[in-house]
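Novice: So the sequence lines, in the order shown, correspond to chains D and R.
Just so you know, the first sequence maps onto residues 1 to 114 in the numbering used here.
Just so you know, the second sequence maps onto residues 1 to 116 in the numbering used here.
Computed list of lysine-lysine pairs in DSSO-like fashion (alpha-carbon distance at most 30 Å, straight line):
id, chain 1, residue 1, chain 2, residue 2
1, R, Lys42, R, Lys58
2, D, Lys57, R, Lys42
3, R, Lys42, D, Lys83
4, D, Lys57, R, Lys68
5, R, Lys71, R, Lys57
6, D, Lys83, D, Lys57
7, R, Lys71, D, Lys42
8, R, Lys57, D, Lys42
9, R, Lys42, D, Lys78
10, R, Lys22, R, Lys57
11, D, Lys57, R, Lys71
12, D, Lys42, R, Lys22
13, D, Lys57, R, Lys22
14, D, Lys42, D, Lys78
15, D, Lys42, R, Lys58
16, D, Lys42, R, Lys68
17, R, Lys42, D, Lys42
Everything labelled a hint here was simulated from the structure, so no lab data went into it.
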Amino acid sequence: EPEVTQTPSHQVTQMGQEVILRCVPISNHLYFYWYRQILGQKVEFLVSFYNNEISEKSEIFDDQFSVERPDGSNFTLKIRSTKLEDSAMYFCASSAREGNQPQHFGDGTRLSIL
Amino acid sequence: GENVEQHPSTLSVQEGDSAVIKCTYSDSASNYFPWYKQELGKRPQLIIDIRSNVGEKKDQRIAVTLNKTAKHFSLHITETQPEDSAVYFCAAGSNAGGTSYGKLTFGQGTILTVHP
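The following block holds chain R by itself, in its conformation from the complex (with noise of 0.2 Å):
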């Protein structure tokens, strides 16, 4: 089955600074990977998403890129500002029906601290 690992675990930044989140996954047939951001005792809340048929995207200070090949993916968050503390997941899935229904393997979680 599907593999994610998530580095670092945690990441502190000053506020204005870049912070940068990496995941690898194993199985080559996920075509789906979305970024959720938890905020302590909330819901998982979808950030931003990529599939596989496209390498970069951006949503004003998120992006992410993926590299099919090495089957790595990143989050990028340009100028942190402190309410963007939170666990950051990642996480991998392929497309519904066939074998697999949309089921997402999540990375472990990153804590992400922005000092002021």
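For reference, chain D alone in the conformation it holds in the complex (with noise of 0.2 Å):
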């Protein structure tokens, strides 16, 4: 059954460095998402994207986040000036090309913060 890829597991930076973290969608699927969940949280929904561009996104995602999917494969979520309140699990999501069908995770890339 295909999956989502997310790379790296783990991720440990120092606060107020840049981090990208990495996802490769279902190939056939056309929305893509980025939820986080802080340890022991819900998870939380931080952006959409779809066609090329982003068609929602949360209040957490400010200015600081961006995503961007750079060829036909990869999906990225960038943090251009991280946080301690960074810190969390990132999971990467994709659905296929109609709406309302199910979001596949991926296994998630753990931010550490220092």
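Dock the two chains into a complex; use the hints.
Specialist: This is the structure in structure tokens:
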């Protein structure tokens, strides 16, 4: 069964540094998402991406965050200047061509800001 | 925006018993309700979903019911097994397109423990 893959599995970064989290969505999917989960808390929506542009973003997704689909397979989340409170598990998800389709999650990247 | 409340936060049952987790949502535009199972340190895994044009859906030991009028939906697990132990999240979403592109709003999660 096709899967969403994410790299790295764990990223440790100094506060103030830039970090890029990478995702390879399922190949025939067209909707892409980033979510985050602070330890012990619920999953929170960050951003959705369709047709090479952001379609919706949450209040969490401020100017420090950006997303990009640099080629036909990768989908990246960049945090420009990391803060301690950015420490969380970041999940990428993708869904098929039509709305209301199941979102399949990757294994996540655990981001630790020191 | 959408708000999803989930109860209980923890649920402990004996193997073989049934488990029920309940969620309420606030936005009447929501029309897609998935349930995810998350084991410690792993990805949320979709276990069942329901769309607003049906009231109930079943897949083996798992069923979901939806009451659109009351804006609540529930997960039912019958004949629970120790391997069902995990955190379960409900979520609400709406059609991609228009003003929404499938964003999911999650509940706070339920820690289910099934004792052998």
